[in-house]
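K.L.:
Here's the letter readout for the chains.
Protein chains: 2
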Amino acid sequence: MSESKSSSSVLENPADARVLKVAILGFGTVGASVARILCDVQPRGLELTHIFNRNVARKRVDWLSCPVMWSEDAEQVLHSDAGIIVELAGGLDPAGKWIRTALEAGKSVVTANKKLIAAHGVELEQLAASRGGQLLYGAAVAGGIPVIPGLRQGLAGDKCNRIEGILNGTCNFILSKMEAGAEFAEALQEAQRLGFAEADPTEDVAGYDARAKLTILSRIALGAEIEFEQVPAGSIVPIGAIDFAYARELKCTIRQISRAQLSSESSGAGTGIPRVQATVGPMLVPEASPFAWSRGTENMVIVTGKYGGDTVFSGHGAGGHPTAVAVVSDLMAMAHGSRAVAVASQRATVTGDLSLRHYIRFIVKDRPGIVAEIAGGLARQGINIGALLQRPGYPEDRLPFVVTVEPCSTSALKRALDEVGKLDCLIEAPLQLQILEPESPIG
Amino acid sequence: MSESKSSSSVLENPADARVLKVAILGFGTVGASVARILCDVQPRGLELTHIFNRNVARKRVDWLSCPVMWSEDAEQVLHSDAGIIVELAGGLDPAGKWIRTALEAGKSVVTANKKLIAAHGVELEQLAASRGGQLLYGAAVAGGIPVIPGLRQGLAGDKCNRIEGILNGTCNFILSKMEAGAEFAEALQEAQRLGFAEADPTEDVAGYDARAKLTILSRIALGAEIEFEQVPAGSIVPIGAIDFAYARELKCTIRQISRAQLSSESSGAGTGIPRVQATVGPMLVPEASPFAWSRGTENMVIVTGKYGGDTVFSGHGAGGHPTAVAVVSDLMAMAHGSRAVAVASQRATVTGDLSLRHYIRFIVKDRPGIVAEIAGGLARQGINIGALLQRPGYPEDRLPFVVTVEPCSTSALKRALDEVGKLDCLIEAPLQLQILEPESPIG
Numbered sequence: 001m002s003e004s005k006s007s008s009s010v011l012e013n014p015a016d017a018r019v020l021k022v023a024i025l026g027f028g029t030v031g032a033s034v035a036r037i038l039c040d041v042q043p044r045g046l047e048l049t050h051i052f053n054r055n056v057a058r059k060r061v062d063w064l065s066c067p068v069m070w071s072e073d074a075e076q077v078l079h080s081d082a083g084i085i086v087e088l089a090g091g092l093d094p095a096g097k098w099i100r101t102a103l104e105a106g107k108s109v110v111t112a113n114k115k116l117i118a119a120h121g122v123e124l125e126q127l128a129a130s131r132g133g134q135l136l137y138g139a140a141v142a143g144g145i146p147v148i149p150g151l152r153q154g155l156a157g158d159k160c161n162r163i164e165g166i167l168n169g170t171c172n173f174i175l176s177k178m179e180a181g182a183e184f185a186e187a188l189q190e191a192q193r194l195g196f197a198e199a200d201p202t203e204d205v206a207g208y209d210a211r212a213k214l215t216i217l218s219r220i221a222l223g224a225e226i227e228f229e230q231v232p233a234g235s236i237v238p239i240g241a242i243d244f245a246y247a248r249e250l251k252c253t254i255r256q257i258s259r260a261q262l263s264s265e266s267s268g269a270g271t272g273i274p275r276v277q278a279t280v281g282p283m284l285v286p287e288a289s290p291f292a293w294s295r296g297t298e299n300m301v302i303v304t305g306k307y308g309g310d311t312v313f314s315g316h317g318a319g320g321h322p323t324a325v326a327v328v329s330d331l332m333a334m335a336h337g338s339r340a341v342a343v344a345s346q347r348a349t350v351t352g353d354l355s356l357r358h359y360i361r362f363i364v365k366d367r368p369g370i371v372a373e374i375a376g377g378l379a380r381q382g383i384n385i386g387a388l389l390q391r392p393g394y395p396e397d398r399l400p401f402v403v404t405v406e407p408c409s410t411s412a413l414k415r416a417l418d419e420v421g422k423l424d425c426l427i428e429a430p431l432q433l434q435i436l437e438p439e440s441p442i443g
Numbered sequence: 001m002s003e004s005k006s007s008s009s010v011l012e013n014p015a016d017a018r019v020l021k022v023a024i025l026g027f028g029t030v031g032a033s034v035a036r037i038l039c040d041v042q043p044r045g046l047e048l049t050h051i052f053n054r055n056v057a058r059k060r061v062d063w064l065s066c067p068v069m070w071s072e073d074a075e076q077v078l079h080s081d082a083g084i085i086v087e088l089a090g091g092l093d094p095a096g097k098w099i100r101t102a103l104e105a106g107k108s109v110v111t112a113n114k115k116l117i118a119a120h121g122v123e124l125e126q127l128a129a130s131r132g133g134q135l136l137y138g139a140a141v142a143g144g145i146p147v148i149p150g151l152r153q154g155l156a157g158d159k160c161n162r163i164e165g166i167l168n169g170t171c172n173f174i175l176s177k178m179e180a181g182a183e184f185a186e187a188l189q190e191a192q193r194l195g196f197a198e199a200d201p202t203e204d205v206a207g208y209d210a211r212a213k214l215t216i217l218s219r220i221a222l223g224a225e226i227e228f229e230q231v232p233a234g235s236i237v238p239i240g241a242i243d244f245a246y247a248r249e250l251k252c253t254i255r256q257i258s259r260a261q262l263s264s265e266s267s268g269a270g271t272g273i274p275r276v277q278a279t280v281g282p283m284l285v286p287e288a289s290p291f292a293w294s295r296g297t298e299n300m301v302i303v304t305g306k307y308g309g310d311t312v313f314s315g316h317g318a319g320g321h322p323t324a325v326a327v328v329s330d331l332m333a334m335a336h337g338s339r340a341v342a343v344a345s346q347r348a349t350v351t352g353d354l355s356l357r358h359y360i361r362f363i364v365k366d367r368p369g370i371v372a373e374i375a376g377g378l379a380r381q382g383i384n385i386g387a388l389l390q391r392p393g394y395p396e397d398r399l400p401f402v403v404t405v406e407p408c409s410t411s412a413l414k415r416a417l418d419e420v421g422k423l424d425c426l427i428e429a430p431l432q433l434q435i436l437e438p439e440s441p442i443g
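Sequence order for the protein chains is A and B.
In this text, residue positions in the first sequence follow the numbering used here: the first is 1, and each later residue adds one.
In this text, residue positions in the second sequence follow the numbering used here: the first is 1, and each later residue adds one.
For the record, the hints were derived by calculation from the structure and aren't laboratory data.
Note that the structure is a prediction, hence the values are computed from the model and not measured.
The reader is advised that the hints may include incorrect statements.
What the hints assert, rightly or not - Pairs of lysine-lysine, DSSO-like flavour, derived with a Cα cap of 30 Å:
1. Lys-251/A x Lys-177/B
2. Lys-365/B x Lys-414/B
3. Lys-59/B x Lys-306/A
4. Lys-306/B x Lys-21/A
5. Lys-97/B x Lys-251/B
6. Lys-306/B x Lys-177/A
7. Lys-414/B x Lys-59/A
8. Lys-251/B x Lys-21/A
9. Lys-251/A x Lys-177/A
10. Lys-97/B x Lys-306/A
11. Lys-251/B x Lys-251/A
12. Lys-306/B x Lys-159/B
13. Lys-97/B x Lys-59/B
14. Lys-177/B x Lys-306/A
15. Lys-306/B x Lys-59/A
16. Lys-21/B x Lys-159/A
17. Lys-59/B x Lys-159/A
As the list claims (entries may be wrong) - Selected chain A positions facing chain B (in silico; Cβ < 8 Å):
18. Cys-66
19. Pro-146
20. Gly-150
21. Gln-153
22. Gly-154
23. Leu-155
24. Gly-296
25. Asp-310
26. Phe-313
27. Gly-315
28. Ala-326
29. Met-332
30. Ala-333
31. Ser-338
32. Ala-342
Think of the CB as a built atom: it goes at the ideal place given N, C-alpha and C, for glycine as much as any other residue.
Construct all of the structure, not just a fragment, from the sequences and the given hints.
P.N.:
What follows is the structure, given as structure tokens:
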């Protein structure tokens with residue numbers, strides 16, 4: 001074995017000898033972690049030169065190993081000699097404007113901005129390619145877990161037809177706390193105290209954050225460009241401790257799952273436009289599923305390929321340091337002249353309609369005949385009951401019980417529950433959750 | 001969203017417009033899978049043009065979608081106009097000679113040859129870089145699981161200090177069958193019948209295959225070039241059903257684990273040469289560890305980084321199709337002009353000495369005083385017993401019992417067992433296994 005640094009030959013290539021100047025826009029938790037890793041790892045070919053933040057004075061740190069220009073003028077930084085802009089401000093605006101300005105000037109951009117990439121990724125990648133720059137966003141999905149590079153570099157040779165994941169660490173923290181016995185409100189408060197949830201947790205708990213990430217993965221893994229607003233998103237707020245108790249009886253637990261799979265049917269006769277079955281929301285997952293192992297703020301992604309079968313990625317999906325690892329890895333890929341494998345993608349339509357077993361939890365004021373009425377309502381939509389579960393020890397005027405139904409389409413179930421929901425005995429609207437099968441059918 | 005193929009812009013770049021001709025050397029299971037995927041996926045910029053195999057006539061297939069030159073003359077193919085050589089013959093020779101010839105001619109090479117890359121990877125990468133070609137070997141470790149691309153593209157920005165994995169699907173198949181109740185011989189026979197194990201299974205069961213893969217990962221993840229012969233490899237052959245029974249009492253199971261971590265001590269005072277603690281062999285793993293979830297021929301790798309924490313990759317580590325996915329992904333990376341991020345590496349020394357809890361299983365002819373004598377032998381090396389387990393129902397003249405010991409160095413334990421092993425009551429040499437802690441210390 002050689003004693004020399006074996007990689008030196010690559011950087012001796014004249015094309016790589018230049019040093020790329022890096023500007024960070026947004027010096028919050030992730031931005032500071034990026035700067036810290038750049039100072040610690042000192043990747044060759046990269047130099048941190050500019051940091052932008054509003055009211056930058058309060059952000060200044062004294063541990064940087066190189067001189068940096070601190071600025072509160074984004075335009076000044078965008079028009080500086082920095083060759084790579086790291087956008088960490090988040091949101092659609094002004095981040096989108098900054099990224100367009102940088103790409104139009106031929107600069108490259110690294111971002112963790114899932115919302116922007118979900119909404120405008122295709123257009124921004126085209127802009128980057130047309131001006132000779134690159135746009136990388138490995139940090140936008142699953143933080144430090146290399147799902148995007150893994151898909152682009154390591155699974156590009158497969159035909160991926162399904163992607164499923166735990167893409168939101170906040171929901172996973174709350175649901176795994178609830179699995180261990182907490183009620184929703186209590187778990188949310190703890191997440192907020194630990195900095196894992198915002199004061200307004202809507203983006204996370206309602207599934208909006210996860211569906212932006214699913215939209216990005218749909219394009220990279222399935223080659224299907226979907227509109228994130230079309231993906232049905234279910235909230236985890238209605239999930240109660242009672243649902244974990246019933247899930248356990250079914251040898252399951254509950255996780256927020258994001259899934260997208262290519263449908264065997266195209267979007268309309270002869271259109272050739274692919275259709276993607278996609279949903280985000282709380283789901284029953286079997287205890288034997290890898291998803292059940294995922295606890296705390298972890299993320300997990302399972303990619304199913306025609307040739308490679310299932311590949312699982314898991315790890316820290318959020319937090320300053322893990323997210324910064326993904327950002328710095330993208331920067332290093334740029335510095336080494338690496339080019340991401342561009343996966344061909346095309347516009348696709350979305351349906352949330354999947355034929356799956358479902359879990360339905362009712363809360364009723366007990367009286368004779370309720371089960372018959374509910375079963376009748378389901379039967380009229382052709383839906384068969386699989387199991388009926390009723391745990392003892394609850395008051396008759398607020399009695400929870402659960403029905404599981406054989407595989408049926410989400411839309412047929414919705415029609416049935418619209419009818420059943422009118423029954424006078426119901427105290428709350430029924431809660432329905434999809435049940436993730438160990439081997440869900442594709443197509 | 002655009003209706004156009006969003007990646008087309010990349011291939012409109014004139015540098016990418018050329019088509020790379022691909023030659024496959026070795027048309028066995030993996031080679032045929034590579035050809036099949038190339039025909040199915042039809043990645044742009046790649047064209048299969050040559051297939052070499054000894055006695056090629058018996059290998060010919062009729063389903064290729066493009067005209068191919070079949071050859072049984074490797075030199076002819078190596079000197080053809082193919083720009084990329086896919087080496088799937090395996091072994092050090094003549095594969096090494098072929099790869100050198102191709103790289104010297106400025107061609108690029110994709111290989112799944114773990115043995116060759118473990119032994120000569122550094123030298124061959126330097127050769128590739130010096131002649132303007134590339135050498136990629138994503139398929140050499142963990143088959144279809146994108147561990148190497150994930151490390152190079154997605155985790156390059158972290159400082160990785162440990163890598164642990166289930167790297168041999170044959171051992172994992174055998175051990176997970178034994179966990180379910182089979183004896184070793186029976187599990188091995190089933191693996192052989194299913195094509196998961198060779199007629200001579202030594203490479204797999206003795207850990208030689210896994211340590212070649214660990215050697216490759218050590219360089220990419222830890223930047224440490226180690227000699228694979230220096231990594232202590234333990235065999236799974238002595239593991240019996242009894243060990244799974246005792247492991248279960250300790251809330252553990254048994255897996256073949258390969259691990260390498262950077263030691264806080266360098267190889268010698270002032271040398272600055274890093275030291276790597278590395279071992280391969282059967283190990284007790286807690287039931288709560290992701291490794292315990294891995295069953296059948298699956299592979300799993302856990303990378304621990306200073307900033308990103310633990311990242312888990314798992315999936316199909318072997319088999320024609322998954323391995324071929326990794327090969328085709330490497331080919332696509334070449335066709336798209338992607339360049340792997342070269343991680344700086346340097347020569348490192350290996351120690352198998354780790355301070356860990358250990359499991360020791362004795363089989364004795366029972367008589368009074370045995371435990372006192374064993375405990376005495378351990379105590380003389382400063383080793384404390386943690387637990388003593390003896391399951392009922394075994395004959396007194398062939399009595400198995402188990403001792404677990406508090407964290408001690410592997411070398412001190414070896415000295416103690418050399419002494420204890422001389423006791424006249426022992427029917428077999430004691431079996432010692434490291435116990436993988438949920439949070440093993442690093443350093």
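K.L.:
All hints are to be evaluated individually against the structure, with a verdict given for each.
P.N.:
Taking the hints in turn, this is what the structure says about them:
Restraint check for Lys-251/A and Lys-177/B: the C-alpha separation of about 23 Å stays at or below 30 Å, so the hint holds. With a CA separation close to 22 Å, the supplied pair Lys-365/B and Lys-414/B stays within the 30 Å bound. Of the supplied pair hints, the one linking Lys-59/B and Lys-306/A holds, its CA atoms being roughly 24 Å apart against a limit of 30 Å. Simply put, Lys-306/B and Lys-21/A have alpha-carbon atoms about 25 Å apart, close enough for the 30 Å limit, and the pair holds.
Distance hint between Lys-97/B and Lys-251/B is unfulfilled; the C-alpha atoms sit about 49 Å from each other, more than 30 Å. Pair hint Lys-306/B plus Lys-177/A holds up; C-alpha atoms about 26 Å apart against a cutoff of 30 Å. For the hint pairing Lys-414/B with Lys-59/A, the CA-to-CA distance comes to about 55 Å; that exceeds 30 Å, so the pair is violated. At most 30 Å may separate the alpha-carbon atoms for a hinted pair to count; Lys-251/B and Lys-21/A exceed this at roughly 52 Å.
Among the hinted pairs, Lys-251/A with Lys-177/A is consistent with the structure: their alpha-carbon atoms are about 18 Å apart, no more than 30 Å. Of the supplied pair hints, the one linking Lys-97/B and Lys-306/A is violated, its CA atoms being roughly 34 Å apart against a limit of 30 Å. The hinted pair formed by Lys-251/B and Lys-251/A meets the criterion: a straight-line CA distance of about 20 Å does not exceed 30 Å. Restraint check: the Cα-Cα separation between Lys-306/B and Lys-159/B comes to about 5 Å, which is no more than 30 Å; the hinted pair holds.
Taking the CA atoms of Lys-97/B and Lys-59/B, the gap is about 23 Å. The hint holds against a cut of 30 Å. At most 30 Å may separate the alpha-carbon atoms for a hinted pair to count; Lys-177/B and Lys-306/A meet this at roughly 26 Å. Distance hint between Lys-306/B and Lys-59/A is fulfilled; the C-alpha atoms sit about 24 Å from each other, no more than 30 Å. Proposed proximity of Lys-21/B and Lys-159/A is supported: the alpha carbons are some 22 Å apart, at most 30 Å.
Note on Lys-59/B and Lys-159/A: the hinted pairing holds, with a Cα-Cα distance of about 26 Å set against a maximum of 30 Å. With its C-beta approaching chain B no nearer than about 17 Å, Cys-66/A sits outside the 8 Å limit, and its interface hint is violated. Of the supplied interface hints, the one on Pro-146/A holds, with its beta-carbon coming within about 2 Å of a beta-carbon of chain B, less than 8 Å. The closest approach between the C-beta of Gly-150/A and any C-beta of chain B is roughly 4 Å, which is under the 8 Å cut-off, so the hint is satisfied.
The criterion of a C-beta within 8 Å of any C-beta in chain B is met by Gln-153/A, whose closest approach is roughly 4 Å, and the hint holds. This hint holds: Gly-154/A has a C-beta 2 Å from the nearest C-beta of chain B, less than the 8 Å allowed. For Leu-155/A, the interface hint holds, since its Cβ comes within 8 Å of a Cβ in chain B; the closest pair sits about 6 Å apart. The restraint placing Gly-296/A at the interface with chain B is violated, with a minimum CB-CB distance near 11 Å, outside the 8 Å limit.
Hint status for Asp-310/A: holds, given a least beta-carbon distance of 6 Å to chain B, under 8 Å. Checking Phe-313/A against chain B: minimum C-beta separation of about 6 Å stays under 8 Å; hint holds. For Gly-315/A, the suggested interface contact is upheld, since its CB lies about 4 Å from the closest CB of chain B, less than 8 Å. A least Cβ separation of about 7 Å between Ala-326/A and chain B falls short of the 8 Å threshold, and the interface hint therefore holds.
A hinted interface residue such as Met-332/A counts as satisfied when its beta carbon comes closer than 8 Å to some beta carbon of chain B; here the least separation is about 5 Å, so the hint holds. Annotation: Ala-333/A was flagged as interfacial toward chain B, and the flag holds, the nearest CB pair being 6 Å apart, inside 8 Å. A distance limit of 8 Å between C-beta atoms decides the matter here; for Ser-338/A the minimum to chain B is near 5 Å, and the interface restraint holds. The criterion of a C-beta within 8 Å of any C-beta in chain B is met by Ala-342/A, whose closest approach is roughly 4 Å, and the hint holds.
Violated hints, in rising order: 5, 7, 8, 10, 18, 24; the structure is consistent with all others.
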